[in-house]
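Colleague: Since the structure of chain A is provided, determine the placement of chain B on it from the hints.
Chain residues, written in single-letter form:
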Amino acid sequence: MTRQEQQTHFDQWLREHGAILHHVSRGFAGGDDAKDLMQELLLAMWKAIPAFRQGAKVSTFLYRVAHNAALTWERSRRNYRRRLEKYESMMPPPEATDRVEGADPERLERLYAAIRALPPLDRSLILLALDGMSYREMAEIHGLSESNTGARLSRLKQKLSTTMKEPNHELR
Amino acid sequence: MSYDEIENLWRSPQNQPAERQMEEERQRFAARLRRRHIGFVAYFVFVLTALTALTIWIGIRWLAKGTLGSASAWPALFLLALPWAAAILFVRRYLQHRRRHPDYERSIATALQAARDENRTALARTTGILRLQAMCVPPLALCLWQLHATGLARKHEIWSMALFFGVSLTLSAGWTGLVCLTQLKKEAKRIDEVMKCYE
Numbered sequence: 001m002t003r004q005e006q007q008t009h010f011d012q013w014l015r016e017h018g019a020i021l022h023h024v025s026r027g028f029a030g031g032d033d034a035k036d037l038m039q040e041l042l043l044a045m046w047k048a049i050p051a052f053r054q055g056a057k058v059s060t061f062l063y064r065v066a067h068n069a070a071l072t073w074e075r076s077r078r079n080y081r082r083r084l085e086k087y088e089s090m091m092p093p094p095e096a097t098d099r100v101e102g103a104d105p106e107r108l109e110r111l112y113a114a115i116r117a118l119p120p121l122d123r124s125l126i127l128l129a130l131d132g133m134s135y136r137e138m139a140e141i142h143g144l145s146e147s148n149t150g151a152r153l154s155r156l157k158q159k160l161s162t163t164m165k166e167p168n169h170e171l172r
Numbered sequence: 173m174s175y176d177e178i179e180n181l182w183r184s185p186q187n188q189p190a191e192r193q194m195e196e197e198r199q200r201f202a203a204r205l206r207r208r209h210i211g212f213v214a215y216f217v218f219v220l221t222a223l224t225a226l227t228i229w230i231g232i233r234w235l236a237k238g239t240l241g242s243a244s245a246w247p248a249l250f251l252l253a254l255p256w257a258a259a260i261l262f263v264r265r266y267l268q269h270r271r272r273h274p275d276y277e278r279s280i281a282t283a284l285q286a287a288r289d290e291n292r293t294a295l296a297r298t299t300g301i302l303r304l305q306a307m308c309v310p311p312l313a314l315c316l317w318q319l320h321a322t323g324l325a326r327k328h329e330i331w332s333m334a335l336f337f338g339v340s341l342t343l344s345a346g347w348t349g350l351v352c353l354t355q356l357k358k359e360a361k362r363i364d365e366v367m368k369c370y371e
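Which chain is which? The protein sequence lines are A and B, in order.
168 is the number that my numbering gives to position 168 of the first sequence; each next residue is one higher, with no gaps.
291 is the number that my numbering gives to position 119 of the second sequence; each next residue is one higher, with no gaps.
These are computed hints drawn from the structure, not numbers from a lab.
Be a bit skeptical, because a hint or two may be false.
Here are the simulated distance ranges between beta carbons [unchecked claim]: (1) Leu314/B with Arg53/A: 48 to 58 angstroms; (2) Ala151/A with Leu350/B: 20 to 30 angstroms; (3) Arg53/A with Asp289/B: 19 to 29 angstroms; (4) Ser184/B with Lys165/A: 10 to 20 angstroms; (5) Glu166/A with Glu179/B: 15 to 25 angstroms; (6) Gln4/A with Gln268/B: 21 to 31 angstroms.
Cut-off 25 angstroms, straight-line C-alpha distance, at most; resulting in silico cross-link-like pairs (BS3-like, lysine-lysine) [unchecked claim]: (7) Lys327/B with Lys159/A; (8) Lys237/B with Lys327/B; (9) Lys237/B with Lys35/A; (10) Lys57/A with Lys47/A; (11) Lys237/B with Lys47/A; (12) Lys35/A with Lys361/B.
Note that the Cβ used here is the ideal one computed from N, Cα and C, for glycine as well.
So here's chain B without its partners, still in its complex pose:
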């Protein structure tokens, strides 16, 4: 088959998408977009509601007992501040991501290079998160010791908390390591393979 014949075949009506087919794709995409949006909002509302409710409950208890500002309050304050800091960082990153649009005026080769750089940054960030999680262990142990020393928690309660936080941190670090790092490494491999074609 000559190249002219290939071009004629390419321009044939068979190679044009049917209107109905495109409409189906559009509907499918609209459903997917809606699902993504609902999923994000539901997750966000759940996390914020849980955090707010917990904060209000602890605040009310502190005010009622008059222990706010005392030495015994700071370990709990520290533990409460952690999820709030994570939530604020998450929202900031999401808003920054929405505001930042990729520059589609650039060539694909340049865009691939930028995607590779972004992947390296994400990889470094994930490794940083893993280090931070490891760094959380000593202050957490100190908090538990403080709770015991001030008489706010008994020995068996401290062990329960240590077990709960230990398992949570291990699961969280494991999930970050397994999912994020493997996904990012797979993405890096994919980009590298395409970039080799440009050399």
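Here chain A stands alone, though its shape is the one from the complex:
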């Protein structure tokens, strides 16, 4: 695969499946760490592109790559963050049009905080479930049995609902 082809795939996948990476980065890291993780996920996607087999489902492939990278990601890379901040200071400030009217960012942040408080595998499973993956697909991605995945998710959904009911749920 040439570098040009790799770049074309990268741009197309990011345009069409950027939400997958966005959800994974926020589900595994909060605050500035999410930006670090997003860059790690992009690097993992870039490196994985030559391994993609034509005919396979891009979204399933990307879920596998992104969750794999997020599960083994190392937090707190101070030098890299310094460079990131330097780069951000050169970017223009965000426009007001980026904000969605009538949305509830605080509740969403609470949801992400509750997800981040879960153990790594549970975190990954609930993110896949919320993105609409079937038990079979999730079991395949993680190498678990379908029954095990189903049992874990029932317990997780219950746990997440209970956490979100608590008014003073502590944000991480």
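Modeller: Just chain B now, kept in the frame of chain A:
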């Protein structure tokens, strides 16, 4: 909040990345990739240029003096061969790494197991490099003795060289031990923690 409400919140437009945000991430990544590439090429060009220049200079001196092939030349030849061997190994490993793509058809559990195995191999390789560095000391001492015995270097020059090589080897071994081993051990701990979730 019921799970249905959570799902509705998840599907809300607020949870979709803004186009502008993704474009910024893409630009940031492109800048990072460019930096990595430039850094690698600059390092590579510097090392190869320095080695080539040194080799040519030594070659010209040997040819001019007609000492190539004599007993006095082999210690320097040995010392010169070491960085070249390291450079060739480095390039080979880099090319092998580029050709080898992880199998993303495997499950994450299997990929984690493979990553753990790879980490163990890297740990063993690093320990091997440390042993090799230690094994370099006797031949290096022999080379210096040979230089002195053949009259190519005086006593104070030998001491300077011994000090230089000693400090270089100690620094190199220290760096390998500190950075590589601690990083690899940290990575192993991280993988083990995630793998425990699958048990």
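Colleague: Each hint needs a verdict: does it hold in this structure or not?
Modeller: Going through the hints against the structure:
Distance hint check for leucine 314/B and arginine 53/A: the Cβ-Cβ separation is about 54 angstroms, which falls inside the suggested range of 48 to 58 angstroms. Checked against the given bound of 20 to 30 angstroms, the beta carbons of alanine 151/A and leucine 350/B, roughly 45 angstroms apart, lie outside it. For the pair arginine 53/A and aspartate 289/B, the supplied restraint of 19 to 29 angstroms holds, since their beta-carbon distance comes to about 23 angstroms. A C-beta distance of roughly 19 angstroms is found between serine 184/B and lysine 165/A, which places it inside the suggested range of 10 to 20 angstroms.
Between glutamate 166/A and glutamate 179/B the Cβ separation comes to about 19 angstroms, which falls inside the hinted range of 15 to 25 angstroms. Checked against the hint of 21 to 31 angstroms, the pair glutamine 4/A and glutamine 268/B passes, with Cβ atoms roughly 24 angstroms apart. Restraint check for lysine 327/B and lysine 159/A: the C-alpha separation of about 76 angstroms exceeds 25 angstroms, so the hint is violated. Between the alpha carbons of lysine 237/B and lysine 327/B the distance comes to roughly 23 angstroms, so the proposed pair stays at or under 25 angstroms and holds.
Between lysine 237/B and lysine 35/A the CA atoms are separated by roughly 61 angstroms; this puts the pair beyond 25 angstroms, and the hint is violated. Only pairs whose Cα atoms come within 25 angstroms are accepted, and lysine 57/A paired with lysine 47/A is accepted, the gap being roughly 17 angstroms. Taking the CA atoms of lysine 237/B and lysine 47/A, the gap is about 52 angstroms. The hint is violated against a cut of 25 angstroms. With a CA separation close to 24 angstroms, the supplied pair lysine 35/A and lysine 361/B stays within the 25 angstroms bound.
The earlier numbered hints that this structure contradicts are 2, 7, 9, 11.
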